[in-house]
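Participant: Residues per chain, in single letters:
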Amino acid sequence: MALRAEGETTNKAEGTERAAARGPRAGRPGRVLAVETADVEFVGITKAFHELTAVDDLNLKVEAGEFFSLLGPSGCGKTTSLRMLGGFEEPTTGRILLGGQDVTYLPPYRRDVNTVFQSYALFPHLNVFENVAFGLRRQRFDRTEIRRRVGEILEIVDLPNYEKRQSSQLSGGQQQRVALARALVNEPKVLLLDEPMSALDAKLRRQMQIELKRIQAQVGITFLYVTHDQEEAMTMSNRLAVMWHGRIEGMGSPKDVYDNPTTEFVASFLGASNLLPGTIESKSSDVVSVAVEGGVTVHVPPARLPDLGDSRAVKVGVRPEKIGIAEVSSTVPDGYNSIHGRVVVSTFTGVGNQYIVETPLGVTVTVYAQNIGRQWAPRSGDEVILTWPVEHTFTVKPLPTSVEINETEGD
Amino acid sequence: MDEPVPPDHPGGLVVTRRRHRAGRALAPYLLSLPSGLWLLLLFVVPLAFMLSLSLKTCNPATGACVMTWHWGEFPSEISLYHQEFITSLYFAAVSTLVDLVVSFPIAYWIAFYGGRRKNFFLLMLLVPFFVSFVIRTIVWEFVLANNGVVLGALKHIHLLPAGFHVLGTGYAVMAGLAYNYLPFTALPLYVAIERIDRRVLEAAYDLYATRRAGFLRVILPLTVPGIFAAFLLTFIPMFGDYVNQEILGGTSNTMIGTVIQNQFLVNFDFAGGASLSAVLLVVALVGIYLYARLLGSRTIEEYL
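These protein sequences, in sequence, are chains A and B. So in our numbering the end of the first sequence lands on 411, straight run, no missing numbers. So in our numbering the end of the second sequence lands on 304, straight run, no missing numbers.
By construction, these hints were calculated from the structure, which means they are not laboratory data. We treat Cβ as the ideally placed atom computed from N, Cα and C, and that holds for glycine. Fair warning: there could be bad hints in the mix.
Computed from the model, here is a short list of chain A residues facing chain B with C-beta under 7 Å [what the hints assert, rightly or not]: (1) F134; (2) G135; (3) G373; (4) H392.
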């Protein structure tokens, strides 16, 4: 049974009406649309607006039936990429293939893709039924087929008996379901979602994330999802691509990209990272030693070394939750890196403790310790030793110092 | 000399607060006073005067009127001048339609393709109307004159017969009306088209709507309130207009506005003129009522 947000039911009458509608179909197996889904391929796509290059030589293949996210800060080119696939922008160069067929220059109404827009963009003059039926009517389906399909899709998005409502009478979450139904009812080969949750509050957003994954599994269509919310992208996607300045900075399964960031941008945008500048001291087949500025040597698995060319400068990274924090006298086990430091700030967050630790390296290190109720909890001012397994250490190529990673770049 | 009261003095504070509170309660009434007086003196009083005048009997020589509750003025005036009402209705309807057809593309273009110069284009649309209404109409008299710039030139190259004329016909009146009221159609249409969310249009294209379907199924329905506002703002003043008919229409095709003006200023039949004005007012009110019923009373405020 689908999940629903509590805040969505606006009055009592609506609640009973909904409950009545729910009863008979409770035991019904979820229907899967008879959908032919397709893969999507961006081949050397570049899009320039005047002087600004929004998308820079994008090469990307999204597999059929996949939930794929394009993740990045505003202005990174993710929405432009989506709009080019939707047919709202034409690329400057490159080709877009949908199920192997070149759709680069087709108008939106000739493509088998449908979009869920950021603002939902429901038709304000039409009721829910007519909103959902819009695409079917344009494709000249007959009346009984339209009625059947709209009824079915409204059940899938959990809005039965809402046909006669005006879109202005719906809550944000309901509007979003209508927008989703309006796109899905056409059984597109690929569904495009342009930050569909940005207008929802945090609680509703989490519920819709689960709901959206359920719907995707049920209908089996390729979903291409654009978001700036890294948590959202990781929660929902089979695979994701992190974009920055019109380029893909990292791509793979959420776990893969999170655990093995290959660039400094990915390391800091996707979750939090401690990045320590250093130089490669020695390389062997099973370990790489990096001298971190400040006089500590850190070991890194050779597989975690990016392609650096001739340069020996790197940044060594470790995720805050991978670091253990211990009394300064404790011994460091084999296969662990360690740094001494002093706790500057200690914050209790409920699920854990967050420590900001000052190190002799001149950088502060953030540590998350899970609240499992047993471990030693240092206080501000305590001298500590930080340890983490070598296998959880990664290195990235440092960005030129002039480049700032800024999440609020203009669109 | 009085001791200055320190700002934190409790007594002083209490006094000023109380004074503020009294002022705050009165503020809405005080603020609405000027517009209230304006409405009373320049609208309610003349309206009541006009309505009562239609029931009075007047002496045309002295202008003195006596209340006689003479309702007979209405049927007799309507039976005398119903042809002028029909002519006015016809001219106003045709000219309104012409204005809607002409200004829709203009408003559409400015709203969708005006870009940063939208305000400039709107100003360009309005600039001719900075000139007085009568002057503009007289200029149309020159434009449409039998041997003027347009007809004279066309006759000279034998595209039109020498006897052809526009001035003094209903067409000249309708042209003048359509020209003079164009901004009243174009501006509400512009407002309606401008507020259409482009993303809604994109959604329509995404949902298999061709350009044509996007226009017919999305833009046009979303413009309906604006079309109706434009219709009201244009049709009702046109209906009572007399300047265009006086200047461009010659002696034929008399409109009801001309009749009312003559009743008051030429025939000194105040009761007759007042009753015709009352009928005109009722027609206008019926129009607004139908609008409110059809499209909801809320939208009317947004566009007027």
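Participant: For each hint, tell me whether it holds in the structure or not.
Facilitator: A quick look at each hint next to the structure:
no.	hint	verdict
1	F134	holds (5 Å)
2	G135	holds (4 Å)
3	G373	violated (50 Å)
4	H392	violated (44 Å)
Hint compliance for this structure: hints 3, 4 are broken, all remaining hints hold.
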